[in-house]
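Visitor: Line order of the protein sequences matches chains V and Y. Residue numbers for the first sequence follow this note's numbering, so the first one is 1 and each next one is one higher. Residue numbers for the second sequence follow this note's numbering, so the first one is 1001 and each next one is one higher.
Since the hints were derived computationally from the structure, they do not count as laboratory data. Take the hints with a grain of salt, since some may be wrong.
[Claimed, not checked] Simulated coverage check for chain V against chain Y, where a stretch passes if three residues somewhere in it have a Cβ under 8 Å from a Cβ of chain Y:
1. 234-246
2. 275-282
[To be verified] If you anchor each label on the Cβ, the simulated ranges turn out as follows:
3. V:Q391 to Y:G1081: 50 to 60 Å
4. Y:R1132 to V:A340: 44 to 54 Å
5. Y:D1215 to V:A340: 31 to 41 Å
The beta carbon of each residue, even a glycine, is placed where N, CA and C say it ideally should be.
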Amino acid sequence: MSTPDAPETPDTTAGVPAGAATAAAVAPDAPVLSVRDLSVSFRSGDRTVHAVDHLSYDLAAGEVLAVVGESGCGKSVAAMAVMGLLPPTAGITGSIRLAGRELAGAGDKELGRVRGKDIAMIFQEPMTSLNPVLTVGRQIGEVLRRHQGLTKKQARARAVELLDLVGIPAPRQRIDEYPHQLSGGMRQRVMIAVAVACDPAVLIADEPTTALDVTVQAGILEVLQSLRERLGTAVVLITHDLGVVADIADRVLVMYAGRPVEQAPVHELFEGPRHPYTRGLLGAVLRPGVVAGRGVAAGPGAVLEPGVAAAPGAALRPAGKRRLPEIPGLVPSLDEQPDACTFAPRCAFADDQCTSGRPGFKAVAADVGADAAHRAACWHPHDVALQRINQEAGQ
Amino acid sequence: MTTANTATTATADTTDGRAPHPVLELVGLERHFSGSGGTVRAADGVTLSVGRGEVVGLVGESGSGKSTVGRCAVRLDEPTGGTVRINGRDITRMSRRALRPLRKDFHLVFQDPSSSLDPRMTVGSIIAEPLRLHGLAKGEAARARVAELLEQVGLRPEHAHRHPHELSGGQRQRISIARALSVDPDLLVADEPTSALDVSVQASVLNLLADLQRDRGFGCLFITHDLAAVEFLADRIAVMYLGQIVEQAPTSELFAHPKHPYTQALLSAAPVPDPAEQRSRQRIVLSGELPSPLDPPPGCRFHTRCPLAVERCRAEVPELRVLPGGGREVSCHLVADDGTAPDASSSVSS
């Protein structure tokens, strides 16, 4: 984990990783966004809340990284820190590199040149981010004129294209409408159009479908998917919905109480979670169309026939006692980040080591078939995997 | 009506001497809101019943009218037509005063416990309030009952002295449930009780509701947009679209063989938390938008978005028909009388 060395990179060398002295150009597989040891704290009175504690991740071009966790785990705060949208009272340390350019500690002016152009963000409730008194066309055009110096006429033509890109029917008419005239799903599409207007390398989407109905959500997920395919946009998708993750993510980062606890390619995370919290989360989530309470994701072979969501076993819903696995206990307070595993008080695997030392966010060994990119912050990742395997064998 | 009869028969042997009526019967329930812009038909002829000890899921998306139905069922909202019966008694137009003593028979649990619990009251007095209002217990008896209820919902007796803001969202929802169950109602109407909660907390509240329902045997109208939650909890599910029920079936059958194209689309759109499975599914993406309930489309209300709609759907209103095999109803012209249903995904190019 490299520490930030050059806090500012001159514009002329933008795109060259400042930390890599030997690199003459960006390696083709270099991450577009690289976050290292990001910590965010807020002071209120004599209390300090450590909302994010040493978060690191890389995002490759065209990749969808899902950041998953429950309320208060720090997933949104971390995203706001990356965008430079936190108030000045927030204490931010660590490094945030966008295509090699350091954003942590950058001034408003510099961030203003990057935001909306190289990195953009969409939020859960589009009505709070769209300006209610401007037409859709004006809002998209504003970004284009500011960052790309387009004329009014050019911006309008491009805005129509963008509305079409995000799947808004009759874009030539819609462009003159105001946000309140649109449905929730259409507003979210407009937000996406504003965000991708300048073809940013990175789009941060914070719970983009949480406020929407499932049939509308399906459409928005398809838009995000097509952006990745057509524009190569990399997406950081912040969500608590594991169904959405399963649908669209390439990789998943799980956060708990401000810390990263597990990171893995999506199939591997669902099939072989190594952190007890991830396992609990996957166990607690309900699967529509499948007898509930089956624990962690069903193995391969549960593939559906194309068509409706009829799943094997759905007709066998037992009338008797069924329970969903729960995670006992409560999320800890963020007043301190102890030198211990913060999940230990709720964990069945916890021992002295867990309460006396903080586990590193380390690659889990490949001897049990784990992917090299699979990391977990746990002292007992193998026990977690073994227990799962034994339980499935015993079923 | 047929539903009502079916439910009555199904639960007749579990009524232990009490009246053999369903705990809740809605017959042709209407709630129309008139304004200068026209009439919003939020609920438009909803017929539904909840048998004693039965959990009925009412599913639909925003604007389908499911919450309006729930509010009308407990007379928090005034129906403009149709009939609401609780334990066989017509309460549709009963005066507030006459209704008051009956209110202990039915209770509503809301989505957001932080807005439905009085922040100035202690947890103990919140839970005891219905007991006090109905004159069922006071003083030491009420305190003992509160402690008992707290334990049943998985909290500790000390919690009685706390205020709602000192508790987590999941704990607050447990308080709402304890309050609702304090008077031992026959019917619990739960409107999105877990939607504001985190995944792991949702699981524990759903487990709690399932346990309590099994132990105490109240009937429950469970209103939600969460298909997985309703599958876990409900015995039977009714699907609403634009103010009307379009399909009703026992839970396992609805998930295994959804008949109405809207139900099929809804089930296909809910993502499954398993990447291998989710990526191999075919999703029916509905075209267009939910039409305005101010001006619902003629014919079948779903025809503007239905991938299978034919001429007849645009012109003729489909009736909610009973299908053979028991307990299934659907309103779609394309479903044959023997229950053979079209496959909405067949018209979708993947």
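Visitor: For which of the previously enumerated hints does the structure constitute a violation, in increasing order of number?
Guide: Those not satisfied: there are none.
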